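S.K.: Spelled out, the chains give:
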Amino acid sequence: QVQLQESGPGLVKPSETLSLTCTVSGYSISSSYYWGWIRQPPGKGLELIGSIHYSGNTYYNPSLKSRATISGDTSKNQFSLKLSSMTAADTAVYYCARHDRGRELMDYWGQGTLVTVSS
Amino acid sequence: QSALTQPASVSGSPGQSITISCTGTSSDIGVYNYVSWYQQHPGKAPKLIIYNVSNRPSGVSNRFSGSKSGNTASLTISGLQAEDEADYYCSSYTSSSTVIFGGGTKLTVL
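Protein chains in written order, with my numbering: chain A, 1 to 119; chain B, 1 to 110.
Mixed in with the good hints there might be a few duds.
What the hints assert, rightly or not - Each computed SDA-like pair below joins lysine to any residue, with the alpha-carbon atoms no more than 20 Å apart:
#1 A:Lys44 x B:Thr23
#2 A:Lys65 x B:Ser96
#3 A:Lys44 x B:Pro42
#4 B:Lys106 x A:Pro42
#5 B:Lys44 x A:Pro42
#6 A:Lys44 x B:Lys47
#7 B:Lys44 x A:Gly43
#8 B:Lys47 x A:Gly10
#9 B:Lys47 x A:Pro42
#10 B:Lys44 x A:Thr91
#11 B:Lys47 x A:Gly43
#12 A:Lys44 x B:Ser95
#13 B:Lys106 x A:Val93
#14 B:Lys44 x A:Thr113
#15 B:Lys47 x A:Gly102
#16 B:Lys47 x A:Gln3
#17 B:Lys47 x A:Asp107
#18 B:Lys47 x A:Tyr27
#19 B:Lys44 x A:Gly102
#20 A:Lys65 x B:Ser95
#21 B:Lys47 x A:Gly45
#22 B:Lys47 x A:Ser25
#23 A:Lys44 x B:Leu107
#24 A:Lys44 x B:Ala3
#25 A:Lys76 x A:Ser31
#26 B:Lys44 x A:Ser31
#27 A:Lys44 x B:Asp87
#28 B:Lys44 x A:Asp107
What the hints contain is simulated information worked out from the structure, not anything from laboratory work.
From a predicted model like this one, the values you see are computed outputs, not experimental measurements.
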């Protein structure tokens, strides 16, 4: 059973950089698939931020590409998101998920973590 | 890339069927069969219920079905049950090599 769990701060100050980590169990991230981050502002829809393949290939949503960095640590079976220059508009629940780029779907999701941007 | 367009809300009575539409463009739904649907209960993560327009992952009820015509995809839920009350999101791959989602539809089971 593939399981994902997000971890990181729940509160970030404006202009700071958000750092989140997703720990995967039940599947090796170095086996296959992309591993991605999706966010959902309160009461709003979903937005794919980007994803990473174990080979190091990354994909980013063009609207966030300048601020987002996704990296992986196969030794810990984890991948991470850094999002710079945070503003109130970045307040959202952040999910990590397994991204099947062959069918462009997310089939396993973490429970999500709420990140609030406030001073 | 703009979000896909979904109705804000739909409703139906137990046992009835409902359909949720998802309208895109000739740069996404109109040219790709990479359309997925997700179900999200309050406070929970989204759950994949349809992929590649009309395929169901293992374990998903056959009461859920998907289709596509032109730039519009549709999700149909037959034999509505109370547990189907949730938010539903469509997604599609785009010609910009991105995945975009719809704004979501709240399903109320009366």
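S.K.: Now, for every hint given, state plainly whether the structure supports it.
M.R.: Do the hints match the structure? See the list:
1. For the proposed pair lysine 44 of chain A and threonine 23 of chain B, the alpha carbon gap of about 18 Å is at most 20 Å, so the pair holds.
2. Annotation: proposed proximity of lysine 65 of chain A to serine 96 of chain B holds, straight-line Cα distance about 13 Å (limit 20 Å).
3. Taking the CA atoms of lysine 44 of chain A and proline 42 of chain B, the gap is near 12 Å; set against the 20 Å cutoff, the hint holds.
4. Restraint check for lysine 106 of chain B and proline 42 of chain A: satisfied, since their Cα atoms lie roughly 14 Å apart, inside the 20 Å limit.
5. Using a Cα cut-off of 20 Å, the hinted pair lysine 44 of chain B and proline 42 of chain A holds, with the two alpha carbons roughly 13 Å apart.
6. Taking the CA atoms of lysine 44 of chain A and lysine 47 of chain B, the gap is near 16 Å; set against the 20 Å cutoff, the hint holds.
7. At roughly 13 Å between alpha-carbon atoms, lysine 44 of chain B and glycine 43 of chain A fall within 20 Å of each other, so this suggested pair holds.
8. Distance hint between lysine 47 of chain B and glycine 10 of chain A is unfulfilled; the C-alpha atoms sit about 23 Å from each other, more than 20 Å.
9. In summary, the hint linking lysine 47 of chain B to proline 42 of chain A is supported, as the alpha carbons are separated by about 18 Å, within the 20 Å threshold.
10. This hinted pair checks out: lysine 44 of chain B and threonine 91 of chain A have alpha carbons roughly 17 Å apart, not beyond 20 Å.
11. For a cut-off of 20 Å, the pair hint linking lysine 47 of chain B to glycine 43 of chain A stands: about 17 Å separates their Cα positions.
12. The suggested pairing of lysine 44 of chain A with serine 95 of chain B is violated, with an alpha-carbon distance near 24 Å, which exceeds 20 Å.
13. Note on lysine 106 of chain B and valine 93 of chain A: the hinted pairing holds, with a Cα-Cα distance of about 18 Å set against a maximum of 20 Å.
14. About 11 Å separates the Cα atoms of lysine 44 of chain B and threonine 113 of chain A, which keeps this hinted pair within 20 Å; it holds.
15. Proximity of lysine 47 of chain B to glycine 102 of chain A is assessed by CA-CA distance (about 18 Å); at most 20 Å being required, the pair is judged to hold.
16. Simply put, lysine 47 of chain B and glutamine 3 of chain A have alpha-carbon atoms about 13 Å apart, close enough for the 20 Å limit, and the pair holds.
17. Between lysine 47 of chain B and aspartate 107 of chain A the alpha-carbon distance is near 7 Å, which keeps this suggested pair within the 20 Å criterion.
18. For the given pair, lysine 47 of chain B sits about 18 Å from tyrosine 27 of chain A by alpha-carbon distance, which is consistent with the 20 Å threshold.
19. In summary, the hint linking lysine 44 of chain B to glycine 102 of chain A is not supported, as the alpha carbons are separated by about 26 Å, beyond the 20 Å threshold.
20. A threshold of 20 Å between alpha carbons decides the hint, and for lysine 65 of chain A with serine 95 of chain B the separation of about 17 Å falls inside it, so the pair holds.
21. Straight-line distance between C-alpha atoms of lysine 47 of chain B and glycine 45 of chain A comes to about 14 Å, which keeps the hinted pair within the 20 Å bound.
22. Of the pairs offered as hints, the one joining lysine 47 of chain B and serine 25 of chain A holds, with about 18 Å between alpha carbons and a cut-off of 20 Å not exceeded.
23. Proximity of lysine 44 of chain A to leucine 107 of chain B is assessed by CA-CA distance (about 15 Å); at most 20 Å being required, the pair is judged to hold.
24. At most 20 Å may separate the alpha-carbon atoms for a hinted pair to count; lysine 44 of chain A and alanine 3 of chain B meet this at roughly 11 Å.
25. Distance hint between lysine 76 of chain A and serine 31 of chain A is fulfilled; the C-alpha atoms sit about 14 Å from each other, no more than 20 Å.
26. Note on lysine 44 of chain B and serine 31 of chain A: the hinted pairing is violated, with a Cα-Cα distance of about 27 Å set against a maximum of 20 Å.
27. Among the hinted pairs, lysine 44 of chain A with aspartate 87 of chain B is consistent with the structure: their alpha-carbon atoms are about 11 Å apart, no more than 20 Å.
28. Under the criterion of a C-alpha separation no larger than 20 Å, the hint pairing lysine 44 of chain B with aspartate 107 of chain A is consistent with the structure, at around 14 Å.
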